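Asks: Spelled out from the first residue to the last, the chains are:
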Amino acid sequence: MKILTGNDLRTGAVVWWSGAGWSLFVDDAVDVGDDAQEILAREEAARRVNVPYAIEASLDEAGHVRPAHIKDRVRALGPTVRRDLAVPTAQKTGWDWVI
Amino acid sequence: MADARDLGTSPDEVQFRFRDDEPVDHGTVTVDAALEQTNANAVRIEPGDDARALLPFLDRLALVEINFPAFGDGRGYSAARILREAGYAGELRAVGDVLVDQLSHMRRCGFDSFAPDRRLDHEDAKRAFATWNNVYQSAADARRTIAEKRRET
Amino acid sequence: MYRYDLYDQQMVDARVAEFRDQARRRLEGKLTEDQFKPLRLMNGLYLQLHAYMLRVAIPYGTLSSRQMEALADIADKYDRGYGHFTTRQNIQYNWIRLEDAADALEDLSKVEMHAIQTSGNCIRNISSDHFAGAAHDEVADPRPYAELLRQWSSFHPEFTYLPRKFKIAVIASEKDRAAMRLHDIGIRIVSRDGELGAQFYVGGGMGRTPMIAPLVRDFVPLDQLVTYAEACLRVYNRYGRRDNKYKARIKILVHELGAEEYTRQVEEEFAHLLSVGVEPPREELARIAAFFADPPFAEGARVIDRSDPDFALWVDRNTHRHKHDAYVSAVISLKPVGGIPGDATSEQMRLVARLARDYSFDELRVMHTQNLLLPHVAIADLPALWAELDAAGLGSPNMDTIEDIIACPGLDYCSLANARSIPLAQRISERFAATGRTGELGELKLKISGCINACGHHHAGHIGILGVDKKGTENYQLSLGGSEAEDVALARITGPGFDEDGVIAAVEKVTDVYLAAREQGERFLDTYRRIGMEPFKEALYG
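Chains as they are written, first to last, in our numbering: chain A, 3 to 101; chain B, 3 to 155; chain C, 432 to 973.
Hints listed in this document are in silico derivations from the structure and should not be mistaken for laboratory results.
Source: prediction; values computed, not measured.
Certain hints may be false.
Derived pair list, reagent style DSS-like, types lysine-lysine, alpha-carbon separation capped at 30 Å [said to hold, decoys possible]: (1) Lys-596/C to Lys-606/C; (2) Lys-676/C to Lys-73/A; (3) Lys-678/C to Lys-73/A; (4) Lys-128/B to Lys-541/C; (5) Lys-901/C to Lys-940/C; (6) Lys-151/B to Lys-541/C; (7) Lys-468/C to Lys-128/B; (8) Lys-606/C to Lys-73/A; (9) Lys-541/C to Lys-73/A.
Use the sequences and the hints to build the structure in full.
Replies: Right under this line is the structure:
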């Protein structure tokens with residue numbers, strides 16, 4: 003699947019396109035299919051999200067959205083060395099999910 | 003050789019000018035052309051040009067445009083200072099991708115007119131020109147530096 | 432320590448106002464990200480993996496207690512209660528909001544600090560010997576020269592859009608504790624016939640194409656220091672490559688022209704600039720130097736009671752000889768076993784600030800090894816200082832050992848990284864602490880970078896580790912034989928890379944080879960230089 007991500011312009015927080023808006027939780031990300039460029043252009047212009055971009059992802063066995071690249075999985079959860087600062091989804095996803 | 007009229011910025015496109023004399027009313031020629039044409043009085047320097055090539059002809063020049071095709075290419079700042087250090091007193095115009103946040107540094111390097119590709123917000127630009135009350139370095143604008151002011155107090 | 436006068440304060444205040452305006456224009460949509468990016472970068476604001484990151488300049492690594500407390504306050508007020516001390520002697524905050532950034536800069540300005548030029552293609556924060564002004568072996572305190580250059584380089588109108596970033600280090604001793612020759616310009620203050628001058632080394636650097644800077648001028652009179660630096664920069668600004676980001680550092684220009692031709696061009700520009708007159712008045716250097724006068728050292732005990740072995744070990748490892756016999760410089764390790772190299776909580780920052788007030792004339796240093804330092808501690812105060820550090824978990828006796836690992840933030844934080852660095856550092860320090868080999872191995876500098884940009888100085892590690900991306904998984908290349916010190920050398924890659932477990936085992940194997948082969952008094956680096964790469968390769972891949 004193709005999902006969209008970026009950083010919130012005001013706060014810098016990692017966000018994912020949920021179909022209706024931007025969510026802090028990677029599991030809310032939806033497959034945008036062929037609409038990626040159109041949504042990206044519109045959202046960039048709306049200045050809510052800093053340099054949003056499209057990435058490849060898949061649904062894992064447990065039904066979690068799993069970005070294809072490790073960098074985006076680290077973004078989805080937070081620094082692996084500071085689990086106390088993780089976004090709440092990390093608890094249910096588990097840290098092994100990153101690697 | 004490029005047609006002189008195809009090069010350069012017309013005075014209409016100059017957004018800020020810190021001089022009282024009449025602006026040159028025709029286009030500029032390239033540095034290479036200026037070296038060959040003994041009557042050219044308006045030249046345009048591109049980032050890769052050696053500004054020092056113009057030093058023997060400074061007396062006859064009334065306008066030097068320095069082009070910034072991309073704002074991040076800072077060679078034009080050195081070109082400007084080199085001309086001023088050599089005594090060039092004519093108009094020194096920054097053209098191209100000139101943004102608000104470059105204006106104060108350009109002034110310090112000796113630019114005295116500005117023809118940005120995209121017109122700048124007047125208020126933002128006014129603020130930008132006035133950013134620094136004081137300066138650390140000697141540059142082309144002959145402002146007294148902070149270190150010089152410290153000696154006097 | 433240097434203190435701002437009204438002019439310095441005005442400059443920093445003007446910058447805060449300017450940045451506040453720029454951030455506003457970005458949030459209002461008057462600036463695109465492409466236009467805003469270079470502006471925020473010149474104020475130290477990056478966009479990293481999880482959030483904006485603010486890098487605050489700590490000029491030549493020197494801080495007062497009050498400044499350290501302000502850094503702690505910023506960590507609590509705008510971040511998540513901690514900060515990361517870097518190999519550039521700076522501090523980074525990982526979770527800053529764009530809408531708070533100008534407020535954070537304003538708080539900094541109140542304690543004479545800023546984030547100016549901590550990023551971007553400009554002259555960066557100037558680094559120095561962390562023992563400056565305290566070391567027994569320097570010809571002068573290098574910091575007045577660093578401060579003179581700091582002022583010269585701040586908002587330099589000509590050098591704000593260089594081909595690439597530009598890093599300067601200033602030292603004043605034969606010992607190099609600042610990786611001086613791995614800088615774009617490395618300056619060593621030297622004494623010749625009783626007169627001080629500056630050696631200029633130009634065109635060193637780490638990154639993708641590591642190079643050791645050649646000597647360009649062996650004696651620049653100190654009243655021409657700024658002029659010479661200006662000449663070096665002008666030649667670079669005019670002729671440094673701009674067609675390829677990876678070839679844009681000055682080291683490539685110096686390499687392609689040859690040191691001789693680069694030097695010739697600099698000398699020509701220097702002669703011209705001397706005639707123009709860009710040097711600050713000589714009195715300015717004297718004015719600055721007065722701020723760096725010695726604190727009022729007192730006579731006192733010169734003998735250390737070594738009856739407590741833990742204390743004695745810490746003294747042996749973490750203190751450094753001072754120019755005054757009754758004092759030492761004391762390293763505060765930010766490398767607890769299993770910890771994150773360089774991270775400190777706001778609470779730790781406040782404690783260290785108080786310790787500096789109580790024991791070190793209000794003065795602190797940040798080391799390029801990502802540790803902190805109290806430069807002037809009376810020998811009589813060492814037991815009390817150590818007791819407090821030990822109780823706070825800041826007393827690890829591991830300076831320059833294999834536990835004192837330099838590691839960049841890596842893929843846990845950094846958007847450029849290919850692999851994580853911190854977990855490796857944590858596991859390696861745990862491994863060697865558990866096997867008890869740390870002491871036996873002696874001086875062994877291990878440095879880890881999570882990508883080719885080499886913020887973790889892996890090229891200069893006795894053992895270096897570079898994280899790479901191998902088809903989407905983390906992979907680590909091992910290298911040996913580097914040094915950032917006066918015996919400067921670039922490390923060589925051992926061979927094919929390893930996964931995380933594999934590289935930790937490889938580090939252990941490499942240390943086995945050293946222990947088996949070393950001769951009396953040899954450090955790891957000495958043994959490597961004597962026996963060469965082959966025995967290590969054999970152990971790793973044979």
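Asks: Checked against the structure, which of the hints given earlier come out wrong?
Replies: 8 and 9
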